[in-house]
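S.K.: Chain by chain, the residues run as shown.
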Amino acid sequence: MNPTKVLQPQTAAQARQSLQHCREQGWSVLPRGNGSRLQRHFPSAAPDRWLSSTSMNRILRIQAEDQICEVEAGCSPATLSAALEPYDLELGTCSPGAETGTLGGLFMAPDHSMLHHLWGPPRDQVLGGRWMMADGCEIQSGSQVVKSVAGYDLTRLFLGSRGRLAFCLNLILRLRPVPRNPTWARLDREQLSSWLWGEHRHLAPPRLLFSLSPHEQAWVQWEAEPAPLLGVRIVDPEEGRSALARALETLGQAPGRASFDQSIRTSWLQSGPDESWPMIDWLSSTAACTAPGPPSSLDPSSDQASHWKFSPVTQDSPWLPALAEACAPGFPPFGQRPETEGGS
Amino acid sequence: MSRKKRWLRRLREIVGKEYLLTDPASLLAYESDALTLFRSQPAAVVLPASEAECIAVVRLLAAEKIPFTARGAGTGLSGGAVVEPGGVVLALSRMQKILTLDPQQGFAVVEPGVVNDDLNREAARWGLRYAPDPSSQTVCTLGGNLGENAGGPHCFKHGMTSQHVLFAKVVTATGKVETWGDAHSVPEDLDLRGFLVGSEGSVAVALQIGLRLIPKPQAIVTLFAAFDSIAGACAAVQSIVAQGLMPVALEVMDQRAIRAVEASVYRCGLPTDAGAILLVDVEGPENQIQEEAEAVEVALQKHRPMKTERAQSPEQRRALWKGRKGAGGAMGRLGPDSYVMDGVVPRSKLVQIMAYVEQVEQETDIPVANLFHAGDGNIHPHFSYDSRDRSQADKVEAAGAKILRKCLELGGSLSGEHGIGLEKEALLQEQFEPQELALMERLRRVFNPEDLLNRGRGLPLGSGCAEAFHRHGGRP
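Listed in order, the protein sequences are those of chains A and B.
Read in this note's numbering, the first sequence has 225 at position 221, and its numbers run on one by one without any break.
Read in this note's numbering, the second sequence has 576 at position 447, and its numbers run on one by one without any break.
FYI, nobody ran anything at the bench for these hints, they're computed from the structure.
Please read these numbers as outputs of a predicted model, since none were measured by experiment.
There's no promise every hint is true.
Chain B side only, calculated, beta carbon under 8 Å to chain A, not exhaustive [said to hold, decoys possible]:
| id | residue |
| --- | --- |
| 1 | Gly-280 |
| 2 | Met-289 |
| 3 | Asp-318 |
| 4 | Phe-324 |
| 5 | Val-370 |
| 6 | Ala-371 |
| 7 | Gly-373 |
| 8 | Val-474 |
| 9 | Asp-505 |
| 10 | Gly-541 |
| 11 | Gly-545 |
| 12 | Glu-546 |
| 13 | Gly-548 |
| 14 | Glu-565 |
| 15 | Leu-572 |
Derived CB-CB ranges, DEER-like [stated by the list, open to error]:
| id | chain 1 | residue 1 | chain 2 | residue 2 | range |
| --- | --- | --- | --- | --- | --- |
| 16 | B | Glu-423 | A | Ile-63 | 29 to 39 Å |
| 17 | A | Asn-185 | B | Lys-431 | 16 to 26 Å |
| 18 | B | Lys-451 | A | Ser-246 | 43 to 53 Å |
| 19 | A | Thr-15 | B | Gln-233 | 44 to 54 Å |
| 20 | B | Ile-343 | A | Ile-238 | 22 to 32 Å |
| 21 | B | Gln-419 | A | Ile-238 | 18 to 28 Å |
| 22 | A | Val-182 | B | Pro-400 | 29 to 39 Å |
Virtual Cβ for every residue (Gly too), placed ideally from N, Cα, C.
Can you make the complete structure from the sequences, with help from the hints?
M.R.: Now the structure itself:
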């Protein structure tokens, strides 16, 4: 990717000027963060210019008593995590790219969260945002309260659009308390089954449960130390954190993801998972794939294929053109060149 | 044959004579939802029994350009299911099948007319539950819950309807049938499912809804604390949350609400001399929740409660929650009519907004009872008044608007879970800028190009749409 093609506004006014300049030049422009997720989510995108949020990276406020914060879209998850530490708060996501990606990219892409089973997908942590439409108009969506049903949920619509409906300026995020006494352990395959479906699941529901290799033991983390449980080997928290870092790195670098259902989990536990899945998040039923899309051995018309969903999605929604026109009537949508030179 | 007679005959052919209502006595029940401030007599009510019938009805109404409004049980509290005069109510209460309940995958697929509690009862057989629990859950439908993004006391931890809808099969206002969302994965493309939830029935009509079910907890501890004032209860909520504790519910009731409950069939032994009570649910594994419940109790003690108590049995726990959920009904005894408001503030502003509610009550001299989702900052002042007295009704409406404006001033929102409906459409212009409302209107037109589907609901279209409807229970 040619770095000279990336525009990095520092303010909303500069972003508006950038859009206007691109229109005047007859260029197509597409929003992005730091580019860490482009390969997965925009493998074939080639706009004339990228509009990056990376220079808009401030934490605008942390309202600890209300468990919310407001950040500029280019702020990295790691920066926010560090700022939240004194408040014993965290973002309710556990996703790849905390150091290299931006929060805007994390939510716009959207990425997988290993805390999905607790707090839902990353976008569920977003209460509202400030956006710039393709015509330069600024829109506030949602609010700073944890529940609001006033007007349409523009936040979810824009977040799922991967930047094709709006450029994200700011995000208002819901925060969660950090676990009080996180405890790590390792489980063999027989134990894993019990923690997924057996009585252990109710005795002490895990916060994280993943495997790094089909043949390794699984890693488990609880929010607090569970009651003494037979056969569970508590490990040093540092070991657990290191395993989690490897899991997120594997997930972030894998060319594809697979979401699978219960029947696949069962068969893996019986026969051992396929070598092509180097990281498995058991609680959210998501695996990293060594190749994008389904494995060649999987017949798409087979019964087994219905138990899988593969990402990235490569087809755009048929509603996209009409929605883009509604977002900025008469203006070239993000990712498309103006019809005539000089723009609208 | 007139045009109207022709389309009524076609509707009758689709659903059967018995399920097309046109006589004034039958239409009466469909003039309003549970907010009786707004009424409008529909031209007809049509009750399809199946997906195919529902699609055929929508396509016919679209072709004939008849405005129509989908409706569940009519328990909404914002006038969201009141059809435009001369329009048709599409009542989905006969579409009440639970189509799939997959205990292993943890999801259910339901028709829109399934009652919230019916799904819960079925899920409970598998050790599962559906988390959103509006107070009307014994009668409200899941289709209505989707339209309004319903909440409930236990949404503090588990989230609102939008966090539990995996997908929806819909028919749009133009008759197009599509599925938005997915049962097994987070949609990576446009999140139309997310846009649909809370759209107050103006984007599409749900035919099937895929819902996430979550495991029932191993154990639950319910406790309550009595305080001499609402401010004490609200401050205790702040302390609990500030300590990083995560109860599933944090509910406050004031003295008027407590006394109404204790004088009703929902009585559960609440102290009637308390200024307010705080009801807290903590759930999880047995060994962990005892520790958490103790931490909650320590946080409560800092605010000098008159009394704290743990429910000693599942029966007492159920009774406490029956009292809380029945409080809305119990308050019916306080006056001939009730106006239940819905506004939200940041949790840290609860004390301020409740002081303001008290000030407004004194100014209007109309009694207000309060029961609210304190953990979410979601207030529900209940005004008890007599709608036959026009000045009282006007005062209630003005008081409601003042409180909502104060919510906005404190950084909140006009609605936490009831929606905008007809009730708040004028105020929406005070929460959003003109360009934001114009954008919402254009987006609505993408799915609902002729604005036939729930016209004039949820957005301030044109000027004073609500004026087209009869207010204060009055009839033409």
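S.K.: Now tell me, hint by hint, if it's right for this structure.
M.R.: For each hint, the structure was consulted:
This hint holds: B/Gly-280 has a C-beta 6 Å from the nearest C-beta of chain A, less than the 8 Å allowed. The restraint placing B/Met-289 at the interface with chain A holds, with a minimum CB-CB distance near 6 Å, inside the 8 Å limit. The interface hint given for B/Asp-318 holds, since its Cβ lies 5 Å from the closest Cβ of chain A, which is under the 8 Å cut-off. With 8 Å as the threshold, the beta carbon of B/Phe-324 comes within range of chain A, its nearest partner Cβ sitting at about 5 Å, so the hint holds.
A distance limit of 8 Å between C-beta atoms decides the matter here; for B/Val-370 the minimum to chain A is near 7 Å, and the interface restraint holds. A hinted interface residue such as B/Ala-371 counts as satisfied when its beta carbon comes closer than 8 Å to some beta carbon of chain A; here the least separation is about 6 Å, so the hint holds. The interface hint given for B/Gly-373 holds, since its Cβ lies 3 Å from the closest Cβ of chain A, which is under the 8 Å cut-off. At its closest, the beta carbon of B/Val-474 sits 7 Å from a beta carbon of chain A; the interface hint therefore holds under the 8 Å criterion.
Among the interface hints, the one on B/Asp-505 holds; its C-beta lies about 5 Å from the nearest C-beta in chain A, closer than the 8 Å criterion. A hinted interface residue such as B/Gly-541 counts as satisfied when its beta carbon comes closer than 8 Å to some beta carbon of chain A; here the least separation is about 5 Å, so the hint holds. With a least beta-carbon distance of about 5 Å to chain A, the hint placing B/Gly-545 at the interface is held under the 8 Å criterion. Evaluation of the B/Glu-546 hint against chain A yields a held restraint, the C-beta minimum of about 6 Å falling below 8 Å.
Among the interface hints, the one on B/Gly-548 holds; its C-beta lies about 5 Å from the nearest C-beta in chain A, closer than the 8 Å criterion. Hint on B/Glu-565 holds. Least Cβ distance to chain A is approximately 5 Å, under the 8 Å limit. Proximity of B/Leu-572 to chain A holds as hinted, the smallest CB-CB distance being about 5 Å (cut-off 8 Å). Restraint check, B/Glu-423 to A/Ile-63: a C-beta distance of roughly 35 Å satisfies the suggested window 29 to 39 Å.
A hinted range of 16 to 26 Å for the beta carbons of A/Asn-185 and B/Lys-431 is consistent with their spacing of about 22 Å. Between B/Lys-451 and A/Ser-246 the Cβ separation comes to about 50 Å, which falls inside the hinted range of 43 to 53 Å. A C-beta distance of roughly 51 Å is found between A/Thr-15 and B/Gln-233, which places it inside the suggested range of 44 to 54 Å. Between B/Ile-343 and A/Ile-238 the beta carbons are some 27 Å apart, a value that agrees with the proposed interval 22 to 32 Å.
Here the CB-CB span from B/Gln-419 to A/Ile-238 is close to 21 Å, well matched to the stated 18 to 28 Å. Taken as a hint, the range 29 to 39 Å holds for the pair A/Val-182 and B/Pro-400, whose Cβ atoms sit roughly 36 Å apart.
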